[in-house]
Amino acid sequence: MRLLSQTFRSQKLPISSPEVSKSSSSSTKVPTLIVKSEPEPKKWCVYLIISSNPPIKTYVGVTLDFDRRLKQHNGEIKGGAKATRAGRPWICACKIHGFKDQSQACEFESKWKEICRKMCHMRKEEVDDVTLRLLKQRQRALGKVKGLFDCTQFEFDWELDPS
Numbered sequence: 001m002r003l004l005s006q007t008f009r010s011q012k013l014p015i016s017s018p019e020v021s022k023s024s025s026s027s028t029k030v031p032t033l034i035v036k037s038e039p040e041p042k043k044w045c046v047y048l049i050i051s052s053n054p055p056i057k058t059y060v061g062v063t064l065d066f067d068r069r070l071k072q073h074n075g076e077i078k079g080g081a082k083a084t085r086a087g088r089p090w091i092c093a094c095k096i097h098g099f100k101d102q103s104q105a106c107e108f109e110s111k112w113k114e115i116c117r118k119m120c121h122m123r124k125e126e127v128d129d130v131t132l133r134l135l136k137q138r139q140r141a142l143g144k145v146k147g148l149f150d151c152t153q154f155e156f157d158w159e160l161d162p163s
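For the sequence shown, counting from 1, position 130 maps to 130 in this note's numbering; every step adds exactly one.
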């Protein structure tokens, strides 16, 4: 009788041990340990993008790779949210880094969207520029979200400053 492990070999890659290289000097041969560093794992990011063509809208999302995700929203590569098909191209307004995991990033994104929906919107008389008005509204909502989270580890990067 043949074991399953003999029929179906493991597909796991063997764990490589650090390489040891010898020094080329002839007088002393001291082994040198070469440790291959693994690439740093990607961190979760919550982002705010804004459309640059009518209809002017904003979109808040979560991703591990913002550059790839923005290309998806702009239709350069496959994927992207259906909500971002209109108003292309989209540009980055704000990125927030420092989330410990996907769950925390998604919770932050959800609260930002929820608070923004429930807030009173600014009147057109207060701010004429639609883009500026939308950014100020998202910034006000973000201020309220900051009160719900410990934001000491977060890095807020406003690329379009609504102030």
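Worth flagging that the hints you see were computed from the coordinates, not collected in a lab. As the structure is a computational prediction, the values presented were derived from the model and not from experiment. Take the hints with a grain of salt, since some may be wrong.
To be verified - Below 30 Å or equal to it, Euclidean Cα-Cα: the simulated DSSO-like pairs (lysine-lysine) are:
(1) K82 x K57
(2) K36 x K118
(3) K71 x K136
(4) K146 x K71
(5) K42 x K71
(6) K100 x K82
(7) K113 x K146
(8) K42 x K95
(9) K113 x K82
(10) K82 x K118
(11) K78 x K100
(12) K118 x K95
(13) K95 x K43
(14) K71 x K113
(15) K82 x K36
(16) K57 x K144
(17) K42 x K82
(18) K146 x K57
(19) K78 x K36
(20) K43 x K111
As the list claims (entries may be wrong) - So the derived label-pair ranges between C-beta atoms look like this:
(21) I34 x E159: 12 to 22 Å
(22) Q153 x I34: 28 to 38 Å
(23) D129 x V35: 49 to 59 Å
For every residue, glycine included, the Cβ atom is placed at its ideal position computed from N, Cα and C.
Results for each hint:
With a C-alpha separation of about 13 Å, the suggested pairing of K82 with K57 holds against the 30 Å cut-off. At most 30 Å may separate the alpha-carbon atoms for a hinted pair to count; K36 and K118 exceed this at roughly 50 Å. Between the alpha carbons of K71 and K136 the distance comes to roughly 25 Å, so the proposed pair stays at or under 30 Å and holds. Restraint check for K146 and K71: satisfied, since their Cα atoms lie roughly 28 Å apart, inside the 30 Å limit.
A hinted pair counts as satisfied when its Cα atoms are at most 30 Å apart, and K42 with K71 qualifies at roughly 18 Å. Distance check on the hinted pair: K100 and K82 sit about 28 Å apart at the alpha-carbon level, within 30 Å; holds. Between the alpha carbons of K113 and K146 the distance comes to roughly 13 Å, so the proposed pair stays at or under 30 Å and holds. Proximity of K42 to K95 is assessed by CA-CA distance (about 14 Å); at most 30 Å being required, the pair is judged to hold.
Straight-line distance between C-alpha atoms of K113 and K82 comes to about 17 Å, which keeps the hinted pair within the 30 Å bound. Proposed proximity of K82 and K118 is supported: the alpha carbons are some 22 Å apart, at most 30 Å. Distance check on the hinted pair: K78 and K100 sit about 28 Å apart at the alpha-carbon level, within 30 Å; holds. Straight-line distance between C-alpha atoms of K118 and K95 comes to about 22 Å, which keeps the hinted pair within the 30 Å bound.
Proximity of K95 to K43 is assessed by CA-CA distance (about 12 Å); at most 30 Å being required, the pair is judged to hold. Restraint check for K71 and K113: satisfied, since their Cα atoms lie roughly 22 Å apart, inside the 30 Å limit. As the CA atoms of K82 and K36 are separated by approximately 41 Å, the hinted pair breaks the 30 Å bound. This hinted pair checks out: K57 and K144 have alpha carbons roughly 21 Å apart, not beyond 30 Å.
For the given pair, K42 sits about 25 Å from K82 by alpha-carbon distance, which is consistent with the 30 Å threshold. At roughly 22 Å between alpha-carbon atoms, K146 and K57 fall within 30 Å of each other, so this suggested pair holds. About 34 Å separates the Cα atoms of K78 and K36, which puts this hinted pair outside 30 Å; it is violated. Note on K43 and K111: the hinted pairing holds, with a Cα-Cα distance of about 20 Å set against a maximum of 30 Å.
As the Cβ distance of I34 to E159 is approximately 40 Å, the hint placing it in 12 to 22 Å is violated. For Q153 and I34, the hinted distance range of 28 to 38 Å is satisfied, since their beta carbons lie about 33 Å from each other. Take D129 and V35: their Cβ atoms lie about 53 Å apart, and the range 49 to 59 Å holds.
The structure shown violates the earlier hints numbered 2, 15, 19, 21.
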